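2 protein chains.
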Amino acid sequence: MERIGFIGLGIMGTPMCLHVLEAGYPVTVYNRTAVKMQPLLKAGAAAAPTPKAAAQRADIVITMVTDTADAQQVIIGEDGIVHGAAPGSVVIDMSTISPSATRMIAAELQQKGIDMLDAPVSGGDSGAMAGTLAIMAGGKKPVFDRCLPVLQSMGKTITHVGDQGMGQTAKLCNQILVAVTNMAVCEALSFARKAGLDPDLMIEATRNGAAGSWQLANLGPKMVQRDFAPGFMVDLQQKDLRLALETAREMKLPVPGTSLVNQLFLSCQAKGEGREGTQALIKALERLAAHS
Amino acid sequence: MERIGFIGLGIMGTPMCLHVLEAGYPVTVYNRTAVKMQPLLKAGAAAAPTPKAAAQRADIVITMVTDTADAQQVIIGEDGIVHGAAPGSVVIDMSTISPSATRMIAAELQQKGIDMLDAPVSGGDSGAMAGTLAIMAGGKKPVFDRCLPVLQSMGKTITHVGDQGMGQTAKLCNQILVAVTNMAVCEALSFARKAGLDPDLMIEATRNGAAGSWQLANLGPKMVQRDFAPGFMVDLQQKDLRLALETAREMKLPVPGTSLVNQLFLSCQAKGEGREGTQALIKALERLAAHS
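Going down the list, the sequences are from chains P and H. Those letters in the first sequence? Residues 1 to 292, per this note's numbering, in order. Those letters in the second sequence? Residues 1 to 292, per this note's numbering, in order.
Honestly, I wouldn't trust all of these hints.
Since the list gives no way to pick out one identical chain from another, each pair is judged satisfied if it fits inside one copy or across any two copies.
Distance condition first, Cα-Cα at most 25 Å in a straight line; then the derived DSS-like pairs of lysine-lysine [stated by the list, open to error]:
| id | residue 1 | residue 2 |
| --- | --- | --- |
| 1 | K141 | K42 |
| 2 | K271 | K141 |
| 3 | K36 | K222 |
| 4 | K252 | K271 |
| 5 | K271 | K52 |
| 6 | K112 | K42 |
| 7 | K283 | K252 |
| 8 | K239 | K141 |
| 9 | K283 | K271 |
These are calculated hints, taken from the structure and not from any lab test. What you are looking at is a predicted structure, and each value in this text was computed from that prediction instead of being measured.
Given only the sequences and the hints, what does the whole structure look like? Please build it.
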């Protein structure tokens with residue numbers, strides 16, 4: 001059975017790593033804040049003092065960190081995975097980071113004979129806990145096939161979407177869809193409310209037709225009930241939109257709707273709503289108007 | 001059984017009127033272009049020379065015309081319904097027109113003791129032909145209840161959404177949702193294409209999660225296949241967005257996403273794509289970039 005290294009035990013990484021353990025894999029963990037390793041050690045994982053040390057004891061090393069710089073640090077930085085992993089081993093980066101940075105990291109790993117998949121996830125901490133994440137994986141097909149059983153312990157819909165970087169690209173497409181569709185829901189609900197139309201009736205009358213979306217069915221009622229608990233946090237959505245906008249800029253691709261949502265979310269961040277759920281976007285719109 | 005008048009036999013009105021006939025109601029039709037009455041006359045309807053004359057022979061008069069001015073003309077204009085309808089009769093305007101104009105028309109009808117429902121539809125000509133339209137109705141509940149059997153002959157999801165004008169308001173909310181969600185799909189697909197990600201794989205990997213929508217599942221593949229046949233025409237979408245933006249302006253409500261889609265669709269209209277399906281929105285985005 002493949003030996004697994006797992007780097008990054010945050011709100012997503014911890015439940016994902018537990019699922020890998022439950023599937024029977026031997027796991028060695030590393031986390032910058034050491035105390036967060038405790039739940040995993042209790043569940044049977046071994047601890048490593050550095051990403052390099054975790055990689056020395058693993059055939060497949062999974063990383064689940066916050067941003068591009070964090071992934072670069074734990075994979076190719078000082079004491080990083082690249083310095084411990086054996087030729088023929090695999091790094092699976094499940095963080096959401098830049099597609100172009102992903103290809104640079106993959107190239108450095110390849111020089112040591114280490115393979116890489118970029119396999120970011122969708123579904124939030126509830127999906128991580130339930131083991132029902134959507135996983136979008138980029139990399140060589142044989143490497144994907146080798147890693148599939150491990151991915152299946154964490155996720156449900158697992159799609160091989162192309163070469164290295166394409167997992168991250170698919171994830172950014174996912175975030176563009178999520179963000180702009182959210183704006184659609186916010187504008188329709190603001191319109192209904194301002195015009196005196198019962199917003200629950202509006203949702204009921206529109207959700208099963210061409211206007212329907214996951215965002216309308218799931219975030220719409222939360223907006224109506226003024227329930228702004230996350231779900232998926234504004235600050236994390238903004239991080240992903242920044243990656244999407246940076247990548248679009250690299251490609252000289254205008255994405256005006258995505259840019260607009262990114263701007264409106266800045267109002268949420270300015271008002272201290274960055275740790276609320278993305279349904280707080282409706283408050284940015286409301287601040288533009290005179291809702292009574 | 002209620003006697004029905006039916007005014008406006010276009011691409012929507014003709015199949016809707018046929019369903020009313022099939023349900024067994026006696027129907028009198030009027031259409032500005034008289035030749036379009038022929039299919040209905042063959043199916044058993046009577047013809048009237050004016051909206052007034054059709055109303056004289058009906059208990060419930062349905063109107064299905066293009067825009068606000070057309071509805072005003074056939075309902076309260078010269079030889080309009082108001083001059084022929086008896087007190088206690090009902091006008092059901094199933095066109096998509098201005099909510100504020102709807103309330104003005106309803107007030108004029110009320111002075112003659114004529115009731116009114118605004119009951120715009122969603123589902124396009126395919127929904128009209130199948131008798132599966134979504135119908136969003138505004139007006140008094142007893143009037144709605146009285147007219148429900150007639151509406152059921154034309155539609156499937158029939159929702160009473162409030163007082164007069166609220167049917168139109170709900171329809172504009174529907175169009176805001178449809179238009180901005182469409183933009184989400186266009187930007188994600190443009191991003192995928194530019195980044196070299198297989199767009200079909202992108203749709204497959206995202207459609208069942210938080211990014212999912214009717215627009216993604218139905219218009220996304222058409223965009224990939226470069227199939228721009230309508231569905232729902234750009235020109236009609238633009239008419240509805242104009243109504244939404246005018247109504248939002250009356251309410252002093254900023255709807256920046258809706259406004260942006262309206263602007264992008266202008267590019268489609270400028271390029272002679274007004275009679276294509278709304279999935280042609282992706283071509284407006286592509287013209288902003290250098291797709292190879």
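- Task: Have a look at K283 and K271 and pick one of within, between, both or neither, based on CA distance no larger than 25 Å.
- Result: This pair counts as within: shortest intra-copy Cα distance 10 Å, inter-copy 37 Å.
- Homomeric proximity label, K283 with K252: Cα distance no greater than 25 Å: between (31 Å within a copy, 16 Å between copies)
- Message: For K36 and K222, with the copy left unspecified, which applies at a CA distance of at most 25 Å: within, between, both, or neither?
- Response: neither (31 Å within a copy, 47 Å between copies)
- State whether the alpha carbon distance between K271 and K52 is at most 25 Å within one copy, between copies, both, or neither. neither (41 Å within a copy, 57 Å between copies)
- Using 25 Å as the alpha-carbon threshold, which applies to K239 and K141: within, between, both, or neither? For K239 and K141, the Cα distance exceeds 25 Å both inside one copy (29 Å) and across copies (48 Å).
- Please work out whether the CA atoms of K112 and K42 approach to 25 Å or closer within one copy, between two copies, in both situations, or in neither? neither (34 Å within a copy, 80 Å between copies)
- Same-copy or cross-copy closeness of K252 to K271 [CA-CA at most 25 Å]: Result: close only across copies, 23 Å inter versus 31 Å intra.
- Task: Tell me, please, which holds for K141 and K42 at an alpha-carbon limit of 25 Å: within, between, both or neither?
- Result: neither (35 Å within a copy, 62 Å between copies)
- Item | Alpha-carbon proximity context of K271 and K141, limit 25 Å | Answer is neither; intra-copy 45 Å and inter-copy 42 Å both fail.
The structure fails hints 1, 2, 3, 5, 6, 8 (numbered hints given earlier, in ascending order).
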